[in-house]
Amino acid sequence: MNKHHVVIPAGLLACLGAAVTALHFKQPAMRPSPALEVQRTPERIARGKYLYWQAFHCAGCHNERDWARFSAPTVPGREGAGLQFPPELGLPGTVVASNLTSDRATGLGAWTDGEIARAIREGVSRDGRALFAFMPYPAYRNMSDEDLHAL
Numbered sequence: 001m002n003k004h005h006v007v008i009p010a011g012l013l014a015c016l017g018a019a020v021t022a023l024h025f026k027q028p029a030m031r032p033s034p035a036l037e038v039q040r041t042p043e044r045i046a047r048g049k050y051l052y053w054q055a056f057h058c059a060g061c062h063n064e065r066d067w068a069r070f071s072a073p074t075v076p077g078r079e080g081a082g083l084q085f086p087p088e089l090g091l092p093g094t095v096v097a098s099n100l101t102s103d104r105a106t107g108l109g110a111w112t113d114g115e116i117a118r119a120i121r122e123g124v125s126r127d128g129r130a131l132f133a134f135m136p137y138p139a140y141r142n143m144s145d146e147d148l149h150a151l
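The opening residue of the sequence shown carries number 1 in this note's numbering; numbering runs sequentially from there.
Calculated from the structure, these hints are not laboratory results.
The C-beta atom is built at its ideal place from N, Cα and C for all residues, glycine as well.
Hints may be right or wrong, so weigh each one.
Unchecked claim - Label-pair distances were calculated between CB atoms; the ranges are:
(1) Trp67 to Ala35: 15 to 25 Å
(2) Trp67 to Ala105: 24 to 34 Å
(3) Asp127 to Phe70: 14 to 24 Å
(4) Ala110 to Pro76: 17 to 27 Å
(5) Glu88 to Arg44: 13 to 23 Å
(6) Phe134 to Gly77: 20 to 30 Å
(7) Ser102 to Gly128: 15 to 25 Å
(8) Gly90 to Ala46: 35 to 45 Å
Model the full assembly from the supplied sequences, consistent with the hints where possible.
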């Protein structure tokens, strides 16, 4: 029997095993939401707006955009309302960024502060689903508690 008939399938199986293992460990932590109640102060709200619009650029994915206009500006009044990325961007499948408004039915209005904190830091939705890989929760994992509370 030719040595290549054994080596090539074994190599493919090893690659498949490595890919499955990598995907398994890429999943976010599934810990319970922390018990957290954030005090909303004018200073904290101002800091949160700065983080949302500038430092963490949450607006880039979570604001509804007018794709027909140059640079796809935010649709006025739709800040934080979520965004479905158009297929022309070449993303795999349908990619939707969540609604971050305080709407209880479609946004974060029914979420606890702890559930929001877990979504930001660990990439886990309120119902335990993993948030899509574009959510950069690994980068936010070590954000300060004060910045987390401001967001």
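Hints, one by one, checked against the model:
For the hinted restraint 15 to 25 Å between Trp67 and Ala35, the CB-CB distance of approximately 41 Å leaves it violated. A beta carbon spacing of about 25 Å between Trp67 and Ala105 agrees with the range 24 to 34 Å that was offered as a hint. Judged by the Cβ atoms, the range 14 to 24 Å given for Asp127 and Phe70 is violated: they are separated by roughly 38 Å. Our hint of 17 to 27 Å for Ala110 and Pro76 holds, since their Cβ atoms are close to 26 Å apart.
Separation of Glu88 from Arg44 is about 38 Å and departs from the stated range, judged on CB atoms against 13 to 23 Å. The supplied range of 20 to 30 Å is met by Phe134 and Gly77, whose beta-carbon atoms lie about 24 Å from each other. As the Cβ distance of Ser102 to Gly128 is approximately 22 Å, the hint placing it in 15 to 25 Å holds. Restraint check, Gly90 to Ala46: a C-beta distance of roughly 37 Å satisfies the suggested window 35 to 45 Å.
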